[in-house]
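Those sequence lines, one after another, are chains A and B.
For the first sequence, the tail end lands on 287 under numbering that gives the first Met the number 0, and the numbers increase by one without skipping.
For the second sequence, the tail end lands on 424 under numbering that gives the first Met the number 0, and the numbers increase by one without skipping.
Source of the hints: derived by calculation from the structure; they are not laboratory data.
Model, not experiment: these values are computed from the prediction.
Beta carbons are placed, not taken as given, at the ideal position from N, Cα and C, and that holds for glycine.
Don't take each hint at face value.
What the hints assert, rightly or not - Distance ranges between label pairs, derived from CB positions:
| # | chain 1 | residue 1 | chain 2 | residue 2 | range |
| --- | --- | --- | --- | --- | --- |
| 1 | B | Ala307 | A | Leu151 | 53 to 61 Å |
| 2 | B | Pro142 | A | Leu128 | 54 to 62 Å |
| 3 | B | Gln417 | A | Ala107 | 37 to 45 Å |
| 4 | B | Asn387 | A | Leu128 | 24 to 32 Å |
| 5 | B | Gln417 | A | Phe124 | 42 to 50 Å |
Unchecked claim - Pulled a few chain A residues facing chain B out of the computed Cβ check, cut under 8 Å:
| # | residue |
| --- | --- |
| 6 | Ala134 |
| 7 | Pro136 |
| 8 | Arg210 |
| 9 | Tyr255 |
| 10 | Thr262 |
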Amino acid sequence: MQMLIDTLVNAAMASAATALVSIGLALIFGVMRIENFAHGELYMVGAYVTWYVSSALGLTYFPGLVCAVLITALLGALMEVALFRRLRSNPVGCLIITVGVLLVLQTAAVWFGGVNSTLLVDTPFPGVLRIGTLALPWHRLFVIVAAIILMLALTWLLRRTAFGWAVRAVAQDAEAASLQGISIGRISILAMMLSAGLAGAAGAFMAPIVRVNPFMGQPVIITAFIVIIMGGIGSIEGAIIASVLYSTFFTFVSTYLDSTVATIAGLCIMLGVLIFMPNGLMGKAEKV
Amino acid sequence: MSSPISRFTRRQTLIVAGITASTLAMPNIVRAADPKLRVGALLPLTGDLALWGVPGKNGAEVWAARTNKAGGIMVNGTRHEVEVVAFDGAYIAEKTVQGARAFVDQDVKYTMVIGGDDWSAMQDFSNRNKMLTSTLYVTDLNPEAKYLIAPVEVHPLYFGCGAEHLRKVEPNVKSVALCAQDDLTGRVALAYWRAGFDAHNFEIVKDEYFDLATTDFAPVVSSLLAGKPEAVCLDTAYPSFALLLVEQLYIQGFKGRILHAGLELLPDMVRRTSAEYMEGSITFFPRFDDPAIGTSAVGFPDSAGFYADYEMMYPGSWNNTSWEFPACLEVWKRAVETANTAEPDELFASMKANPPSHMFGTAHWWGEDLFGSNNALVSSWPIVEVRNGKVDIVAMGDQAAWYADHRDAVIKRFREEQLMPDQKR
Numbered sequence: 000m001q002m003l004i005d006t007l008v009n010a011a012m013a014s015a016a017t018a019l020v021s022i023g024l025a026l027i028f029g030v031m032r033i034e035n036f037a038h039g040e041l042y043m044v045g046a047y048v049t050w051y052v053s054s055a056l057g058l059t060y061f062p063g064l065v066c067a068v069l070i071t072a073l074l075g076a077l078m079e080v081a082l083f084r085r086l087r088s089n090p091v092g093c094l095i096i097t098v099g100v101l102l103v104l105q106t107a108a109v110w111f112g113g114v115n116s117t118l119l120v121d122t123p124f125p126g127v128l129r130i131g132t133l134a135l136p137w138h139r140l141f142v143i144v145a146a147i148i149l150m151l152a153l154t155w156l157l158r159r160t161a162f163g164w165a166v167r168a169v170a171q172d173a174e175a176a177s178l179q180g181i182s183i184g185r186i187s188i189l190a191m192m193l194s195a196g197l198a199g200a201a202g203a204f205m206a207p208i209v210r211v212n213p214f215m216g217q218p219v220i221i222t223a224f225i226v227i228i229m230g231g232i233g234s235i236e237g238a239i240i241a242s243v244l245y246s247t248f249f250t251f252v253s254t255y256l257d258s259t260v261a262t263i264a265g266l267c268i269m270l271g272v273l274i275f276m277p278n279g280l281m282g283k284a285e286k287v
Numbered sequence: 000m001s002s003p004i005s006r007f008t009r010r011q012t013l014i015v016a017g018i019t020a021s022t023l024a025m026p027n028i029v030r031a032a033d034p035k036l037r038v039g040a041l042l043p044l045t046g047d048l049a050l051w052g053v054p055g056k057n058g059a060e061v062w063a064a065r066t067n068k069a070g071g072i073m074v075n076g077t078r079h080e081v082e083v084v085a086f087d088g089a090y091i092a093e094k095t096v097q098g099a100r101a102f103v104d105q106d107v108k109y110t111m112v113i114g115g116d117d118w119s120a121m122q123d124f125s126n127r128n129k130m131l132t133s134t135l136y137v138t139d140l141n142p143e144a145k146y147l148i149a150p151v152e153v154h155p156l157y158f159g160c161g162a163e164h165l166r167k168v169e170p171n172v173k174s175v176a177l178c179a180q181d182d183l184t185g186r187v188a189l190a191y192w193r194a195g196f197d198a199h200n201f202e203i204v205k206d207e208y209f210d211l212a213t214t215d216f217a218p219v220v221s222s223l224l225a226g227k228p229e230a231v232c233l234d235t236a237y238p239s240f241a242l243l244l245v246e247q248l249y250i251q252g253f254k255g256r257i258l259h260a261g262l263e264l265l266p267d268m269v270r271r272t273s274a275e276y277m278e279g280s281i282t283f284f285p286r287f288d289d290p291a292i293g294t295s296a297v298g299f300p301d302s303a304g305f306y307a308d309y310e311m312m313y314p315g316s317w318n319n320t321s322w323e324f325p326a327c328l329e330v331w332k333r334a335v336e337t338a339n340t341a342e343p344d345e346l347f348a349s350m351k352a353n354p355p356s357h358m359f360g361t362a363h364w365w366g367e368d369l370f371g372s373n374n375a376l377v378s379s380w381p382i383v384e385v386r387n388g389k390v391d392i393v394a395m396g397d398q399a400a401w402y403a404d405h406r407d408a409v410i411k412r413f414r415e416e417q418l419m420p421d422q423k424r
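Next up, chain A with everything else stripped away, as it sits in the complex (with noise of 0.2 Å):
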């Protein structure tokens, strides 16, 4: 019983987290239509943000999560202004410059943090929740209520206010939004501030519980793939469900059998997805 309670927490979790950084790539993918290979490190960067504002600054953990939603965001930003506003009719050479900036920031990391992945981040939850027999880390019930709120807020955001309509003008149709007199350079700023703030959040919240190394990202980015891919690309509400249910698959398999497997099967779950669903479980069929 304590096994399958822990591997729903776990799960929830990995779904949590999963979401944050998907979402944060459906939201570019659908505005403007890049696919950004990089934003896995984004989630590596608010890890180490976060890493060196609680413990090598000795500051607490809330401070550096802040610090790192604010410096990716900024990053978010620098990446859109300086790299791909310049390649915006260009998507193969937008795609080419996402993996560049990949490898710069891992390079990065390297060279301000060392690669010896023993970055330690003290969660400010530490202990278990005991209910009966069952304990519930804190740090992860955590993680996976911050993430909802932020899913809640993100929602709000782009149903209930003037951005979030003009956000997802851009996404339907940039051309239209353009001659409505919506700035398509600003949104643009904004959403990739938006997307990148959501995967430095999403590696903040996991500093304490996985390990922090420079190459953190990559798995996570192709999570995340698989995720918007089986979601419906640029479907938000697509990423959401698709992080539930494949984290919540991969957690199982990997708890009862093994992670190979579970990372074989989680592909091949994809593959059925969209053999039988080629736009993906909310996405949108395009003519041709």
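Chain A is fixed; fit chain B onto it per the hints.
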């Protein structure tokens, strides 16, 4: 004013050019005049295994400084300074071979590697260039590795003694669970532990490998604890993996003994769990400020003085490999002074004929049975337990004797993992 060049005749210019070119083209001749003996630390100075590589390099440099201060190495009546040359192999095949090439160019006489993936990459090169090399992984030994020795650590041989010790201190413990990362290091370690647990009547209730890319170890530990083990073996999970595994064991309520080869991040493990939680954990690497080290490490001169010098030169970076690579160098030094040469063929032949003393005492060459090659220098090895947040030597295990008594169990488990000499590709 006449040009300086015009003072030379054409013949004189050609002669000078020829002499210069010959000198530059004959590095051996130039190097032969250099009295220094170079040893190479071809270690991961970056990457996941930098936690082993950097302290190893540092330890080698401390050893070299102390050796030179004491007069250097005596070869044929002449004292030679020893110089450590380091190259960051990052535990990556291409970089390791690059480092090996650099060492040949620099006339390095003796090379040290961690072992495993790095040795696999450079074996052919080592054979062709006669690079006498030491490894910490005895499973690197094979009949094709002509210049490879395992002069100090013979991972995973001491695990058999570890299982025996666990049975001695926990006579009522019946069940164990094992996990490690899915690579050569993990597979070799768990194969030997399985043999050890078989030999001492432990039931293995869970036995699994996790992917190297794993970042969240909660599912791994949940799975491990599903079989309700009374002891958990995490060998040989890399240090950062082991830390997170131990933390998860603590969070998920495991209360039994933990076994791990090195417990390199013990201070962090204590911080994230508690000194009480780690009490009694079994490992195999002593600390050099342990009062018992002097009586155990009889083949390592002035271990306390070495530790003091290390802490002065590289404060806060001490780790298990800080003494292992110097111990490899100590074996090499003794062999060089016995053979009166540092040249690989003569030195190697001398070492095989006259086994040098090991760090932990008298030793003999071993390994033909399991590895097809008797190039492991085997002696006793310490069994260490965590006491009050630090490791203390509690026993010395006779690795070769244990293997002799339980040979069939080991071979059976090695065959399962395709590790026997006739199975290796």
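Going through the hints against the structure:
no.: 1; hint: Ala307/B / Leu151/A: 53 to 61 Å; result: holds (59 Å)
no.: 2; hint: Pro142/B / Leu128/A: 54 to 62 Å; result: holds (57 Å)
no.: 3; hint: Gln417/B / Ala107/A: 37 to 45 Å; result: holds (40 Å)
no.: 4; hint: Asn387/B / Leu128/A: 24 to 32 Å; result: holds (30 Å)
no.: 5; hint: Gln417/B / Phe124/A: 42 to 50 Å; result: holds (44 Å)
no.: 6; hint: Ala134; result: holds (6 Å)
no.: 7; hint: Pro136; result: holds (5 Å)
no.: 8; hint: Arg210; result: holds (5 Å)
no.: 9; hint: Tyr255; result: holds (7 Å)
no.: 10; hint: Thr262; result: holds (7 Å)
Checked against the numbered hints above, the structure violates none of them.
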